[in-house]
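S.K.: Below are the chains, spelled out letter by letter.
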Amino acid sequence: MADLGQRPVSRRTLLKGGAAVAALGGASAFLAACSGSTATTAPSAAASAAPSAAAPSAAASAAASAAAPSAAGSITFGSNYSDPVPQKAFADTMAAFTTKTGIQCTINTVEHNKFQDTINAYLQATPDDCFTWFAGYRMRFFAAQGLATDISDVWQTIGANFSDAFKTASTGDDGKQYFVPLYNYPWVVIYRKSFWQEKGYQVPKTISDFTTLGDQMKKDGLIPLAFADKDGWPAMGTFDILNMRLNGYDFHIGLMAGKEKWTDPKVVAVFQEWAKLLPYFDPQPLGLTWQEAAQKLINKQAGMYFLGTFAGQQASDQATHDDLDFFPWPLHGTQYDSEMAIDAPIDGFMVSAKAKNVDGAKAAMEFLGSPDAPNIYLKSDPNDVAANKNADTSGYNAFQKSSATIIAGANKIAQFLDRDTRPDFAGANGMQQFLQSFLKNPTQDLNKFLSGIQGFYDSLPPQ
Amino acid sequence: MSSSSVPYAPPAAAGGASPSTGRKRRKRFSLLTRRDKLTLGLMVGIPAFIHIFLIWMPTLGSIVLSFTSWNGIGGLDKIKFIGFKNYENLFSNYPPFWPAFENNLIWLGAFLLIATPLGMLMAVILDQNLKGTRIYQSVLYMPVVLSLAIVGFIAQLMYSPNMGFINNFLVAVTGDPRWTASGTAIDWLGTPGLNFAMVLIAAGWRHVGYIMVLYLAGLKSVDNTLREAAAIDGANARQTFFRVVFPVLAPINVVVLVVTIIESLRAFDIVYIINKGLNGLGLLSVLITNNILGEASLIGFGSAMAVILLLISIGPIIFYLYRTMGKEAE
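Sequences listed follow chains A and B, in order. Residue numbering for the first sequence follows the working numbering, beginning at 242 and increasing consecutively. Residue numbering for the second sequence follows the working numbering, beginning at 673 and increasing consecutively.
Keep in mind that the hints were calculated from the coordinates and are not lab data. Just so you know, these numbers come straight off a predicted model, no measurement behind them. A portion of the hints provided could be inaccurate.
Unchecked claim - Subject to a maximum C-alpha distance of 20 Å in a straight line, what follows is the list of computed SDA-like cross-link-like pairs (lysine to any residue):
no., chain 1, residue 1, chain 2, residue 2
1, A, K517, A, T452
2, A, K502, B, P767
3, A, K355, B, I745
4, A, K642, A, K440
5, A, K459, A, Y432
6, A, K603, A, G314
7, B, K757, A, S404
8, A, K689, B, P771
9, A, K502, A, K329
10, A, K689, B, F769
11, B, K752, A, E514
12, A, K459, B, I745
13, B, K750, A, A594
14, A, K329, A, D588
15, B, K750, A, P703
16, A, K541, B, M835
17, A, K440, A, Q641
18, B, K803, B, L891
19, B, K752, A, Y432
20, A, K689, B, W770
21, A, K460, A, V444
22, B, K892, B, L790
So here's chain B without its partners, still in its complex pose (with noise of 0.2 Å):
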């Protein structure tokens, strides 16, 4: 909807009609009464004191307890600031650290060339309305519709050295016993490294579903005619996608990339569900999971764990705003 906005940009229009009877009725009401007063000052004041609520009181309270060490027993006076601290632990005695962060890139980068390029490929592929697009579109889109902790369930399932399915699948095919054999078995979640590339897989599965169906929308809005003039003036159809209708879709892009960083560094639900992050699959949420909750309650310690997943987010959300705001400003 918004993209066929661009093009013709009705929202100008309309919103250039309105005021001139705006403006007539704004003498009326010149004066807000009491009670519209207060029905502004509730409408902006309850969103404002919820956002100040749930969204900074928590960052400023997270930041706060990063330089401080408690174990989350006992009053706010049990409380001791330790200043750097714990960003000093974190770099220098705390191993796990900079494998969950590389990860996080990782899984960033991943998504970023690969699973999102392969949704907008399939959303591509099934847009030029070939026999049986739904039933694929369906295929597709369906584990979207899965939490990535039944994610994780399944790719154990499937990923079980002895008893998993691609084991045993090969077995089936190859007759060779040694494809389930403790020894020579391949371990897909046991192997670091390995094992990562598997969640990945696991979790791009899903990724490239969302990322067909947010772009497939986005094409189905593209105006037809745009594409016939491209190929009245001899495009062909790459010209087209990248020349044409890649351009058009610049808002839905812009969502796209948006929703690739946000899924990137939330992950978390199918590592903590395979093995609570460890043995090469950390990631920074999934850390600051294992520190702050359970009986270990290292609460300062994964609070400077948050505070460095808080500024890796920073960056995207920098660059959404800029992309929004500047929009609007324009």
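Isolated chain A, as found in the complex (with noise of 0.2 Å):
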């Protein structure tokens, strides 16, 4: 009996620490719920839980502080430069801005996909001051939705930094602009000098001159162009390329803003073009990635790759990335030719509505916009080319030569389908999935799968 009497005041402590371990529980719950909803727009939080890539930047803004005459205050910087490249140059960059400005910068850099993935909910809660994004619709959309704050007042210092193209390429729908750009890099024929040399091949300046260069390379046991769509987005470069060629540059972008339509006849002919095309294509794209593809080219198992210049990254060592080099895709003999048209897709940056020090922002676009920026990014990232025209270019490798001559070469300058029309309808629900139903079966019937895509682009919500 003694136990039995025990037992209430046990069972009593029980029920305390019950109550307690619910509650903590409950607790817990409630707030891993709430971090739940915060972990949505991760940018700031994940970034600000991975101090080391702010690190550097951080010392260095320290460092410079101590030179610096007077500190204007401090501004953080979200970025999606994750690869170590391009992070070790931006924050070479932003260390500058704060040698000269004095104004401290931190820099938050997220993962490059889960940047894009998590950007709707990053902007409405508490974004930083500046973020890293693309020129085209994707920067279009955010200033139309008031995430962004306008800085016409910085272009009127930086505007004569830039030609009429990047000006336009960062002003909105509304006339304002709310972009910097930094650099670009064009999609091109990419090709590797010394096995052309000794095949004998010659640059092809026509779609003629190109289809002869197929069966030669076919007759010679490669595949003439690599080609990879595992991932859906890379085809669109491809479409892009032979919408702009046969149609032009207007109904190209007519097109993805929606005033065109899909089943128009002319896209109808971009598609045959295409299917014509398709027997120099690798024939197997659907399970290859764009780095398997690019891997291709450089074992010399394929002749050609049209990629962006970023498949340069491929490259293992510095002499193999000398060997390659790279044309604009072939004319087709239309009145369009002399457009020239080609997909360069602007990187650079903007400011988030919500930026807390709207002053010292501003003095990092004006910087960003400034020559020395592409100066000193550029130094430590040689892939891509300056946006800036007053830029130095005398440090250019030739492939960034190469890339420049062909920016410039080029009378009309599209973002990529994917940067120039709506989220919604470009990613894996919509465009992506499109274009692989093409590649699996490029004889169905067009019009059909043209009326597909019109049907899907109509069902989503206006804008």
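Both chains are sitting in their own frames, so use the hints and assemble them into the complex.
M.R.: Here it is, written out as structure tokens:
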């Protein structure tokens, strides 16, 4: 009985303990729920949890501020430059900004794809003062949603550094500027110089040269054009260039903006042309990543590869990288040949609408729009070319020089399909799977295929 | 443990003994003090709050959002009600929907009819005290400790057409370079249909081990005298298993069934890692993610799909509750 007498007491303590545990559990679950919802705004949260990313620049800026005469506050910068090379290049750039202005800059780096996936929530919650972003529809969209700060006044100062094409690419639907470009890179046909010399191949100027060369490469046991579309987006580059060659830049932009219809016979012609050229493409693109396709070019299994110049990152050593050269997509003999249009996506910077230190952020934009910024940035990341026309190009390597020449020779510059149209249409739920369905079955009824695309576009909510 | 309670039913005996001692005490503590009430209130209230807040609110929220159009930007006042339009678009203007719906059912079928029976078979074989049974168990169980995302990475390394293990292995064995050459290689992940089968194999590899462990634990708890009795009655091995062991393991069977259904319906990571559910690998869970997350932010449209997935999930949930609640009512 003694232990019976004990039991109520123990039961009671048990109850109390249970309540405490329940309360604790509840509280932590509640906290978890709250942090769960902020976790979707990951850029700032994740970045502040990874101070190492910001540390180098913080240290640099701390050192710099000692030398700087007057410190005008500090800013924070949300960055998607998460690969080591661009990350260091950007840290160097912002350290120079701190040296020049005395404004401290903390960089919060987030993995590239994750930054993009969480951008909506990030900009609405507690974004950094400035953030890295892309020109084109993606920039105009956030400007139109009121999530970006108008920096037209900064453009009064930096405007002289940019051509009209870049100013247009930085302008929102309301005619104000919201974006400062840093660099861009062209989508081109890449090949190995030494390999082509050995085989006696010549750069094709027209599409018939291209197919003749392709036939020769096939005879030599090569895949004429490496191609990969497992991830859904690389095929967009091919669609863009064929559409711009056949129908011109204006039609392309109109199509992206929804002003032209996908059921237009002009679009049918693009897919017909593509189907005709497909025998020269790698026959099995849907199981390959662009990295694997680039390896085929580098390993001399494929003769050419149409991709952004970032394909060069796959060259494991400097000699191989130097052996890569490229040329613009061949001409199709249409009235739009003289446009020499290309996709040359622009990366740059914006100021968030919720910026705490707007003056500091604008000072940063002014610096990033000056020739100094690309000069410092491209020293550490020589895969791209400066958007700024007053930037120092004397240090360019052959790869950059070719890029700059091709971009300069293009009269019309598009961004890229998924940067020029609405993201809910371009993504994995839309164009990515439509293009894959075409590649799976290029001989399908194109009118039915294209009315499917138009039907999906029309089903999206008005913006 | 619970399985052994079925033939002997000890909990009933234990439960019968306690009320007599409890009644005495109930007199002494018939009135709950204020503190007791508070404690009890907290104990019931907090879980109830959590349950409502974390389960019912999001569920009802999804259902409400599925009738709206919202891009996730701006306040709740930006949400526009558009009736059944999301559902109409889902069924008529969104080509990936039906293939994904089908894939979910195929996944469920493949797990129910192939992977789960295979896991059970492995468990039965390993229960025979084979030599080295521990090693076999470890080998089969190993993939279970990997997340499906990791299994997805491994699958890509195996299946890549030109650089993957399988095709290069075929070259090494046959000496024929066409196995990895573009155009003649088998494109395991790029061929619609085949790629889904290969994903099911990778996911099944993990699922078999999971079921094996669950079932093996159940088999170990079966009283050996039952088998001996069956043997004396002249039952062969198959009859012993299907007529005696399998029915005794009814509670485990339900767990295995429920686990299989849950695993099939929540399938997501492996496909998302491989190619975000493109090219014939679509699943409802991936489509929901593609629409709601990222820049797309078709929150109403994604919610409509989530509601469809909820409707599919409700069947097994009701079945499970019916089984467990029904048991308790007995």
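S.K.: Give a verdict on every hint.
M.R.: Comparing the hints with the structure gives:
1. K517/A <-> T452/A: holds (10 Å)
2. K502/A <-> P767/B: Judged against 20 Å, a Cα distance of about 19 Å means the pair holds.
3. K355/A <-> I745/B: Status holds; Cα separation ~18 Å.
4. K642/A <-> K440/A: Not OK: K642/A and K440/A at ~25 Å, beyond 20 Å, violated.
5. K459/A <-> Y432/A: Roughly 15 Å separates the two Cα atoms, so the pair holds.
6. K603/A <-> G314/A: Holds: K603/A and G314/A sit about 13 Å apart, inside 20 Å.
7. K757/B <-> S404/A: violated (45 Å)
8. K689/A <-> P771/B: Satisfied, since the Cα-Cα distance of roughly 18 Å is no more than 20 Å.
9. K502/A <-> K329/A: With a Cα-Cα distance of about 43 Å, the restraint between K502/A and K329/A is violated, given a limit of 20 Å.
10. K689/A <-> F769/B: Measuring from Cα to Cα gives roughly 18 Å; hence the hint holds.
11. K752/B <-> E514/A: violated (42 Å)
12. K459/A <-> I745/B: violated (51 Å)
13. K750/B <-> A594/A: With a Cα-Cα distance of about 18 Å, the restraint between K750/B and A594/A holds, given a limit of 20 Å.
14. K329/A <-> D588/A: Distance ~16 Å between K329/A and D588/A Cα, so the pair holds.
15. K750/B <-> P703/A: holds (13 Å)
16. K541/A <-> M835/B: holds (15 Å)
17. K440/A <-> Q641/A: Violated, at roughly 25 Å.
18. K803/B <-> L891/B: holds (18 Å)
19. K752/B <-> Y432/A: violated (51 Å)
20. K689/A <-> W770/B: With Cα atoms ~17 Å apart, K689/A and W770/B stay inside 20 Å; holds.
21. K460/A <-> V444/A: Roughly 17 Å between the alpha carbons, so the hint for K460/A and V444/A holds.
22. K892/B <-> L790/B: Within the cut-off at roughly 18 Å; holds.
Checked against the numbered hints given earlier, the structure breaks hints 4, 7, 9, 11, 12, 17 and 19 and satisfies all the rest.
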